[in-house]
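Undergrad: Sequence:
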Amino acid sequence: MLIDKIQNQKEILDERDYAIPSYITDNLKYPPYDWQREALENFLINEKLRSKLLKKGQTLPPNHLMFNMATGSGKTLVMAALILYYYKQGYRNFIFFVNQNAILGKTQANFIDTKHTKYLFKENVIIDGKRVAFREVDMFSDFCDDVQIKFTTIQKLHNDIYKESENSVLLSDLQKRDVILFGDEAHHLNASTAKKKQASLSDEISFIGELKDSAKEDDIERSWEHTVCHCILNKDDENQKKNRNALLEFTATIPNTSEVLQKYEDKIIIKFELKDFVEAGCTKHIRLVRSNLALKKRILQALLLNWYRYRIALKLGISNFKPVILFRSKTIENSKADCRVFIELCKSVTASDFNFVHNLSKINMPADDTIPLLYTVDDNIFERILLYLKESKCSFENVADYIRENFQERTIIITNSKTNKTKKEKTDSEIDRLLNSLEDYGNHIRAIFTVQRLTEGWDVLNLYDIVRLYTGRDTDTKTHKAGTSTTSEVQLIGRGVRYFPFVYNDMPVNRRKFDDDIGNELRILEEFYFHSDEDHRYISELSNELKNRGLMTEKRTQKIFPVKPKQQEILNGMYLFVNDRIENPARRLKKLPDNFQNLSPFEYRIATSQYSEIRKVDFQKEDTYIAAESGTFNTEVLKVSDIPMHIKYKAIHRVNANAASYYSFENIRCRFNVQSMEAFLDFIKDIKIRLTHDTDKYENLPNKKMLEMCENFFTYLQKELEQFDKPYKGTDFRLVKFSDIFSFDQQKGKICFTKERLISIDEQAPETQENKTLEKELRIADWYALDAFWGTSEERNLIQFIKDRKSNLLINYDSFQLLRNEEVYKIFDFDTGRGFQPDFLLFLHGKVGNPNAYYQVFIEPKGTHLAGDDNDGWKQDFLEEISRRYGTEHIVMERNSSYVLIGLPFFNTEDKGLKSKFTENFEKTILPRH
-11 MLIDKIQNQK
-1 EILDERDYAI
9 PSYITDNLKY
19 PPYDWQREAL
29 ENFLINEKLR
39 SKLLKKGQTL
49 PPNHLMFNMA
59 TGSGKTLVMA
69 ALILYYYKQG
79 YRNFIFFVNQ
89 NAILGKTQAN
99 FIDTKHTKYL
109 FKENVIIDGK
119 RVAFREVDMF
129 SDFCDDVQIK
139 FTTIQKLHND
149 IYKESENSVL
159 LSDLQKRDVI
169 LFGDEAHHLN
179 ASTAKKKQAS
189 LSDEISFIGE
199 LKDSAKEDDI
209 ERSWEHTVCH
219 CILNKDDENQ
229 KKNRNALLEF
239 TATIPNTSEV
249 LQKYEDKIII
259 KFELKDFVEA
269 GCTKHIRLVR
279 SNLALKKRIL
289 QALLLNWYRY
299 RIALKLGISN
309 FKPVILFRSK
319 TIENSKADCR
329 VFIELCKSVT
339 ASDFNFVHNL
349 SKINMPADDT
359 IPLLYTVDDN
369 IFERILLYLK
379 ESKCSFENVA
389 DYIRENFQER
399 TIIITNSKTN
409 KTKKEKTDSE
419 IDRLLNSLED
429 YGNHIRAIFT
439 VQRLTEGWDV
449 LNLYDIVRLY
459 TGRDTDTKTH
469 KAGTSTTSEV
479 QLIGRGVRYF
489 PFVYNDMPVN
499 RRKFDDDIGN
509 ELRILEEFYF
519 HSDEDHRYIS
529 ELSNELKNRG
539 LMTEKRTQKI
549 FPVKPKQQEI
559 LNGMYLFVND
569 RIENPARRLK
579 KLPDNFQNLS
589 PFEYRIATSQ
599 YSEIRKVDFQ
609 KEDTYIAAES
619 GTFNTEVLKV
629 SDIPMHIKYK
639 AIHRVNANAA
649 SYYSFENIRC
659 RFNVQSMEAF
669 LDFIKDIKIR
679 LTHDTDKYEN
689 LPNKKMLEMC
699 ENFFTYLQKE
709 LEQFDKPYKG
719 TDFRLVKFSD
729 IFSFDQQKGK
739 ICFTKERLIS
749 IDEQAPETQE
759 NKTLEKELRI
769 ADWYALDAFW
779 GTSEERNLIQ
789 FIKDRKSNLL
799 INYDSFQLLR
809 NEEVYKIFDF
819 DTGRGFQPDF
829 LLFLHGKVGN
839 PNAYYQVFIE
849 PKGTHLAGDD
859 NDGWKQDFLE
869 EISRRYGTEH
879 IVMERNSSYV
889 LIGLPFFNTE
899 DKGLKSKFTE
909 NFEKTILPRH
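Once you know that position 371 of the sequence shown is 359 in the working numbering, the rest is easy, because the numbers rise by one and skip nothing.
It is possible that part of the hints are untrue.
Each computed BS3-like pair below joins lysine-lysine, with the alpha-carbon atoms no more than 25 Å apart [said to hold, decoys possible]:
| hint | residue 1 | residue 2 |
| --- | --- | --- |
| 1 | Lys110 | Lys17 |
| 2 | Lys501 | Lys118 |
| 3 | Lys905 | Lys794 |
| 4 | Lys103 | Lys17 |
| 5 | Lys17 | Lys259 |
| 6 | Lys144 | Lys164 |
| 7 | Lys230 | Lys36 |
| 8 | Lys552 | Lys285 |
| 9 | Lys714 | Lys736 |
| 10 | Lys255 | Lys229 |
| 11 | Lys144 | Lys76 |
| 12 | Lys760 | Lys794 |
| 13 | Lys579 | Lys535 |
| 14 | Lys707 | Lys638 |
| 15 | Lys324 | Lys230 |
| 16 | Lys230 | Lys164 |
| 17 | Lys259 | Lys535 |
| 18 | Lys738 | Lys303 |
| 19 | Lys554 | Lys310 |
| 20 | Lys835 | Lys725 |
| 21 | Lys285 | Lys378 |
| 22 | Lys903 | Lys791 |
| 23 | Lys106 | Lys738 |
| 24 | Lys903 | Lys794 |
| 25 | Lys900 | Lys791 |
Pairwise CB distance ranges, derived in the manner of DEER restraints [claimed, not checked]:
| hint | residue 1 | residue 2 | range |
| --- | --- | --- | --- |
| 26 | Lys725 | Lys554 | 14 to 22 Å |
| 27 | Gly561 | Lys760 | 45 to 53 Å |
| 28 | Ala282 | Ala339 | 13 to 21 Å |
| 29 | Asp(-8) | Lys535 | 21 to 29 Å |
| 30 | Ser340 | His641 | 53 to 61 Å |
| 31 | Arg392 | Glu811 | 37 to 45 Å |
| 32 | Ser904 | Thr245 | 53 to 61 Å |
| 33 | His641 | Tyr11 | 21 to 29 Å |
| 34 | Ser383 | Val491 | 26 to 34 Å |
| 35 | Lys725 | Asp582 | 40 to 48 Å |
| 36 | Glu687 | Ala268 | 53 to 61 Å |
Simulated from the structure, these hints should not be mistaken for lab results. Bear in mind the structure is a predicted one, so any value in this text is a computation, not a measurement. Heads up, the beta-carbon is just placed ideally off N, CA and C, and yes, glycines get one too.
Please model the complete structure; the sequences and the hints are all you need to start from.
TA: Right, here's the structure in full:
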């Protein structure tokens, strides 16, 4: 397997050998997730392996790779990164193809539409000091140095080649070029592979001719392998030595047949399946809502949840939050009829229609229920909604008003074009546009009625409910496998569980935030609900399919971490050090940072004469540039102030794509102590530019060339200035009474210290038994504050470290407590306001010679891989700064008692240096000799 070979290489190579180049990371709009980084790193390792073989004179087939990545895991961002990579290698021609027109539109927006919210590149893409544009083309040009992308379906690509009509891409032209092909939803590429046995592709599959609109799906899918692999990628097997093409396939699902699996043995570059995506915390959590309610009440139940989600998001301050509901019908005619009924229901809904909800709050699931409690909906959510109505002084009349206002004919869409006369659902371009931009501010759609249309190629983040409007199942009675309806419903759920990102404290925006706090009311924003009738066999079949796909895993379970009653009494009588994050009053820079004095000049090269720099083209080698003898280049060092003002203004205007751009005046005024853009340009006037050009002096350079240089300069400057932007800071610590801020049950206005978390338990793993054994021991330990435990190996090692020093601690202090911080208590870095939650708080009471002394100690166990400066090193710096500012030399007095705050270095038992540093600090600070 290629992926195994790459993993072996990773263990041998230095990380720098496969580091993702800055020309990729600097030009992507979003930083890649861990699995996207792994995909790109694996790709780069494979490129190195191929390069070594080519240098040895081996003839290799064109690069053909498979990226097996889950739906919603960010395949398109990986494609964007690969486009940047291949551009750097000299490629200019790219083909993106797929089996559905609908998928094309969203990908065009990702790669081409700079104004679209889902555009994946930075405002200005700069490679080798040159601005790169992305162009959609029908035919490739030899006179364009930008990225040229042809977006097409396999059917259209096949027909374009077959018919060779005017303005269509010609096979003969493609076979002369170096082309990178991206195949999305590539499991359709394997219709022929799945059926063939021993014959070679070129022997078995003939060119099947033009594909008509009435072509069978088998013929369309068969054309993928022949047209793409044989004709384009392999150039009909002609001159393979000079073939630099590459085919990069992307799919969430590789067909599970021996022929297909054998085909991809040497092609799979990354395997990140749906179960991996779920475990990474990047999906909504699924809950099944089943009941014997009449259809009308089932719909009202979903609408009530929609209202509640909206209100919770409004309370959090999430702008433009529009939770969408999808209603699934059995046939197109049913869908149209169901939509009409829904519109009438929403028009006439009243508060009394929701009286049935009071009974829902008394429902309990049976003890022998086949669905794990974690994935079902019981009475808790409806109890919570009723409590919210009471506390917020709302009524069901408010719910009815919301429904009448938000669910009208204009806010509802049916996934079937009005002009479609066939029996199969078909959407038009406007429907596709609305479906692929549901999160956008200007998109008004709140409900979708569909049959089968959205099971593939649909990107949506704000779908929160699917309501199944029909009953029954279509299980295969012979094989007992799930029927096509259930399978397509699981595919739909797979689309709906994509996570809706939102900001909450300092938590990651794009990941679930409340697996460790599942009682939090905001968790409703991380849950996806599937509504159906109470059909035991259907529910069992559905849940089995969800488990098979990795959308349900029974390894995670709910666990409560309460504080022991006696410890609650102690904590309630204590004072605690806390600090806050505030806006940084010194954020607005009054002058350039001192580091800018040593900043290397921005370097740029301009050639104005066609004779100064000549492009020498050799089709057998990479293009090279040579300077003609008549061309002379001069180098001058300029200051920003030397550039004409009108050029600087125009450059800023061009790099500002929208109001959120770095150089918009609102953002400039937030970051710098200036009152006008002119003042900002004066602020940066002394920054240097080293300009190489072919004129006698820079003043004679054409304005167009100077403008291009200026745009590139401002993009460079932004990266340098962003390093010094500090919008927040952490305040000094102050003492507060514990009971004024924290509680041990849910109390309005207080932070609850009792946490309920989702944890993964693998009964076969050794650490599971270690955690259970330690938990049993800690429950009877009078010095451990919680009545439960589940932790990492380093956290278990820390507890052992404290146990080993228990007698010494009790010699120096009257008593002590170790409190595991279950992500409740947060502190903020003085310099930047970054927050983190130290894993443990050690409280020491009544030091020898001073019975009224109290110590609060922060302890953070940390794995070696996270302890460095590139990861969590700043946390250790912050902890050490706490000890310097407070510590034993800076005692705080409160009510005749002395309080000391200490931050210890990271606790780590693997690294000798970290282990020694922690132990020395602990012994010196906590257990000093008398």
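Undergrad: So which hints don't hold here, by number, going up?
TA: As far as the earlier hints go, 2, 8, 9, 11, 13, 15, 19, 23 and 27 are violated by this structure, in ascending order.
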